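Student: Kindly produce the complete structure, drawing on both the sequences and the hints.
In the numbering used here, the protein residues as written are 17 to 259.
It is worth saying that the hints were derived from the structure and are not from the lab.
Just to be clear, a hint being listed does not mean it is correct.
[Stated by the list, open to error] Calculated cross-link-like contacts (lysine to aspartate or glutamate; reagent style EDC-like; alpha-carbon spacing at most 16 angstroms):
1. K122 - E197
2. K125 - E187
3. K49 - E106
4. K173 - E163
5. K229 - E198
6. K129 - E191
7. K129 - D116
8. K238 - E163
9. K129 - E187
10. K122 - E198
11. K64 - D78
12. K122 - D62
13. K125 - D78
14. K238 - E160
15. K129 - E180
16. K152 - D78
17. K122 - E175
18. K173 - E187
19. K54 - E70
Since the structure is predicted, the reported quantities are computational estimates derived from the model, not experimental observations.
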Amino acid sequence: MLIIAFCNWNRAFVNQQLCQAERDRARLALNFKGLDYKTVWIEYPDIKPTFSPEVPPNAPPDTPYTIPALRLSPITLIMHSRAIAARLEELHPEPSLHLDSPILAKVYKIQAKHIAPLYGLWMPLVSTNILNPRSKEYFDRTREEDEGLPLPELLAKTEKREEEAWGEAREGLRELAALLEENEKGPFFMGDVVSYADMVVLSWLQFYWCIDKERLFDRAVKTEPVLARLYEAGQQWLKRNDH
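Tutor: What follows is the structure, encoded as structure tokens:
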């Protein structure tokens, strides 16, 4: 059986929903392919001790150990959702994730345009709304080191220009919606064919839903309703999320 490791969010608070954005793509891929797997929940400060020294770390400048991580054997661990998807595609080619689709590269290119402007909202809200105390302490401390200010201050700073931030994000959301609308069959980027590009978008939509549905998810899908159609179409792969 495959074993997938995720951060141990406060799942009671978030109603046991997938809530890890980039990390959710690994679970979406597993669910889409109908594979049997077991979930192991890990607190942030326990990630490195859990995997090392048996598993070699990621090469610099990447973080040495990250989640999600897919364990294929006692000494074979794959980190990063994109790498996990590639290995799953290699081991279980059908149904295909269509990782070679040019649409995927376009989605990656657009993604930063709508996620980065809202960083000052969603990053602090992860800490406030969905982390367990032990992971929260680690998360707050390390993010403060990265940002140069505490997350509550980052949130307050962003809230003062929240409408401006959404205005900046709107361009990326429009580009993403336009890409979805290119295939009239819908609801997926490749019409009625599901691909990993859909999972990239589904993951951050679900992430927004979890950390602050009204403030982030509802506003994103209200800005571009076609995203709500994609989200509804992807519900079948979002259902298994807590075991």
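Student: CA of K129 to CA of E180, is that 16 angstroms or under?
Tutor: Judged against 16 angstroms, a Cα distance of about 14 angstroms means the pair holds.
Student: Starting from K122, check that the Cα of D62 is at most 16 angstroms away, please.
Tutor: 35 angstroms, violated
Student: Given the proposed pairing of K238 with E163, does the C-alpha separation stay at or below 16 angstroms?
Tutor: The hint is violated at about 30 angstroms.
Student: Going straight from one Cα to the other, do K238 and E160 come out at no more than 16 angstroms?
Tutor: Distance of about 32 angstroms is beyond 16 angstroms: violated.
Student: Are the Cα atoms of K125 and D78 separated by 16 angstroms or less?
Tutor: Since the Cα atoms of K125 and D78 sit roughly 20 angstroms apart, the hinted pair is violated (cutoff 16 angstroms).
Student: Given the proposed pairing of K129 with E187, does the C-alpha separation stay at or below 16 angstroms?
Tutor: Holds, at roughly 7 angstroms.
Student: K229 and E198 were given as a pair; does the straight-line alpha-carbon distance stay at or below 16 angstroms?
Tutor: Not satisfied, since the Cα-Cα distance of roughly 27 angstroms exceeds 16 angstroms.
Student: Keeping to a limit of 16 angstroms between CA atoms, is the pair of K129 and E191 held or broken?
Tutor: 9 angstroms, holds
Student: Hint check: K54 vs E70, CA-CA at most 16 angstroms. Holds or violated?
Tutor: 20 angstroms, violated
Student: Is it true that the CA of K64 sits at most 16 angstroms from the CA of D78?
Tutor: 13 angstroms, holds
Student: Compare the distance between the alpha carbons of K152 and D78 with 16 angstroms, and conclude whether the hinted pair is satisfied.
Tutor: Measuring from Cα to Cα gives roughly 21 angstroms; hence the hint is violated.
Student: Does K125 pair with E187 here, judged by a C-alpha cut-off of 16 angstroms?
Tutor: 13 angstroms, holds
Hints 5, 7, 8, 12, 13, 14, 16, 17, 18 and 19 from the earlier list are contradicted by this structure; the remaining hints agree with it.
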